Amino acid sequence: MDTGRTLSRRSVFAGGAALGATAMMAGEHILLPHAASAGDAGDALAPPHRPHLVPMHPRVDQITDIKVCIRPFRAAGPRLDVERIGDKTVFHNYGHGGSGWSLSWGSANLVVGKVAATLNRKVAVIGCGIVGLTAALTAQRAGFDVTIYTRDLLPHTRSVRANGSWTPDSRIALTQTAGPAFADQWEQMARFSWATYRTYLGLPGAPIMFEDNYILSDKPFDDGPARPAPAGTPGRMPRATEDFATYGSRIRDIIPAVEDIPAAENPFAAPHARRHSLMIYNFGAYGHLLLSEFHQAGGRIVIRSFHTPQDLTSLPEKVIINCPGYAARDWWRDDSLVPVRGQTAWLPPHPEAPYGLDYRGAALLSKTDGVMIQAVDLDGLGEMTGVGNSFEHPDPAEAARAIGVFADLFARMPMVGG
Numbered sequence: 001m002d003t004g005r006t007l008s009r010r011s012v013f014a015g016g017a018a019l020g021a022t023a024m025m026a027g028e029h030i031l032l033p034h035a036a037s038a039g040d041a042g043d044a045l046a047p048p049h050r051p052h053l054v055p056m057h058p059r060v061d062q063i064t065d066i067k068v069c070i071r072p073f074r075a076a077g078p079r080l081d082v083e084r085i086g087d088k089t090v091f092h093n094y095g096h097g098g099s100g101w102s103l104s105w106g107s108a109n110l111v112v113g114k115v116a117a118t119l120n121r122k123v124a125v126i127g128c129g130i131v132g133l134t135a136a137l138t139a140q141r142a143g144f145d146v147t148i149y150t151r152d153l154l155p156h157t158r159s160v161r162a163n164g165s166w167t168p169d170s171r172i173a174l175t176q177t178a179g180p181a182f183a184d185q186w187e188q189m190a191r192f193s194w195a196t197y198r199t200y201l202g203l204p205g206a207p208i209m210f211e212d213n214y215i216l217s218d219k220p221f222d223d224g225p226a227r228p229a230p231a232g233t234p235g236r237m238p239r240a241t242e243d244f245a246t247y248g249s250r251i252r253d254i255i256p257a258v259e260d261i262p263a264a265e266n267p268f269a270a271p272h273a274r275r276h277s278l279m280i281y282n283f284g285a286y287g288h289l290l291l292s293e294f295h296q297a298g299g300r301i302v303i304r305s306f307h308t309p310q311d312l313t314s315l316p317e318k319v320i321i322n323c324p325g326y327a328a329r330d331w332w333r334d335d336s337l338v339p340v341r342g343q344t345a346w347l348p349p350h351p352e353a354p355y356g357l358d359y360r361g362a363a364l365l366s367k368t369d370g371v372m373i374q375a376v377d378l379d380g381l382g383e384m385t386g387v388g389n390s391f392e393h394p395d396p397a398e399a400a401r402a403i404g405v406f407a408d409l410f411a412r413m414p415m416v417g418g
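Here the sequence shown stands for residues 1 to 418, where the numbers follow full-length UniProt numbering.
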């Protein structure tokens, strides 16, 4: 982990006075607990158990970019089957919903395991998003000679329009449609991906890192029983949040647990708070590292567009790993893919505040490549937000609403100016 960019829980909550002094010298504002008074010098210092966090001041006029991602959802889960197109054997690897980044290494491992049963050592990979690139690297590590055919390189794909955090069962499948067997496959992918990502921790540029993420609520958290599996006939389209599969409990033994923050230690202007350590991906550093590894291992990239499955018959490779993401709906004519729109607004990096927030249907992550703010569920639709929406143009009004959630939150915080 890059300790220069990530504050541990101890440094966030126990080292309050030292952090306060450092930040005030730098002209930063310091958040005080609810009970503190800005006019009381004793309270300004705060006892050691009181938390101090460097606040952020998100504003619409600070937006540097708005990105729109179309997540490729399939009710049955990712497509990982095999088919023949002419004399080519095509191994599919697409349709990961909102879990492409999280499950990329695990699904690549499953697919390359199947490819290894062939007698061909030359492999073509279609697509250079995160799923395609990790499939290509996994094939290289298994001894294959790999060429990527793609319309766009990773920095220009839909992959880098995501929020870049560990969400392995985000809209990954519908419980009824995927069936019980998929849960085991999901767990295999999730565990393999988690272990692989951990090998990238602590590298220069912090390609992968952990960050404290705070879940805030104006009402007590609902800790009722897990939602039951939905009844009804398996289908292609979800009808409600409850239709989506959730598998997080299967890997609870390896994922840092969420913990409640006592009221006396809650620095936020929301009465209820929780914290967990969240794995995040810094796109610039991580993408550069993966592409460098691919080229250093002798990989080749050919810029090319495909319009029908028959276009694959012109490739010299007999074995193809197909990772087109949502593009498969058009060029593979796969109407099992359902678009799920997601938009992120990006503000300048704020390295002094390396933490994330979830509040009132919006999410914020402070990453090395910028502060990401996303409208996750501003209208109370739950997981149905964005389902069936393939509109890829930025919506500034949506970005402004999400930013407003956190601008209001920080404006309500007691502060001390430097």
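Since the hints were derived computationally from the structure, they do not count as laboratory data.
Hints are not guaranteed to be accurate.
Calculated pairs, PhoX-like style, for lysine-lysine (alpha carbon to alpha carbon, straight line, at most 20 Å) [as the list claims (entries may be wrong)]:
hint, residue 1, residue 2
1, K318, K122
2, K67, K318
3, K67, K219
4, K88, K67
5, K88, K122
Ranges between beta-carbon positions, derived for each pair [unchecked claim]:
hint, residue 1, residue 2, range
6, G86, A397, 28 to 34 Å
7, D311, R274, 57 to 63 Å
8, W331, R252, 23 to 29 Å
Note that the coordinates shown come from a computational prediction; the quantities given were computed from them, not determined experimentally.
Cβ coordinates follow ideal geometry from the N, Cα and C atoms, glycine included.
For each hint, the structure was consulted:
For the hint linking K318 to K122, the alpha-carbon distance of about 8 Å falls within 20 Å, and the restraint holds. This hinted pair does not check out: K67 and K318 have alpha carbons roughly 36 Å apart, beyond 20 Å. Distance restraint check for K67 and K219: the Cα-Cα separation of roughly 31 Å exceeds the 20 Å cut-off, and the hinted pair is therefore not satisfied. Taken as a hint, the K88 and K67 pair is broken in the structure, with Cα atoms around 36 Å apart against an allowance of 20 Å.
Only pairs whose Cα atoms come within 20 Å are accepted, and K88 paired with K122 is accepted, the gap being roughly 12 Å. Taking 28 to 34 Å as the suggested C-beta distance range, the pair G86 and A397 does not conform, at roughly 48 Å. A hinted range of 57 to 63 Å is violated for the C-beta pair D311 and R274, which are about 49 Å apart. Between W331 and R252, the C-beta spacing of about 39 Å breaks the proposed range 23 to 29 Å.
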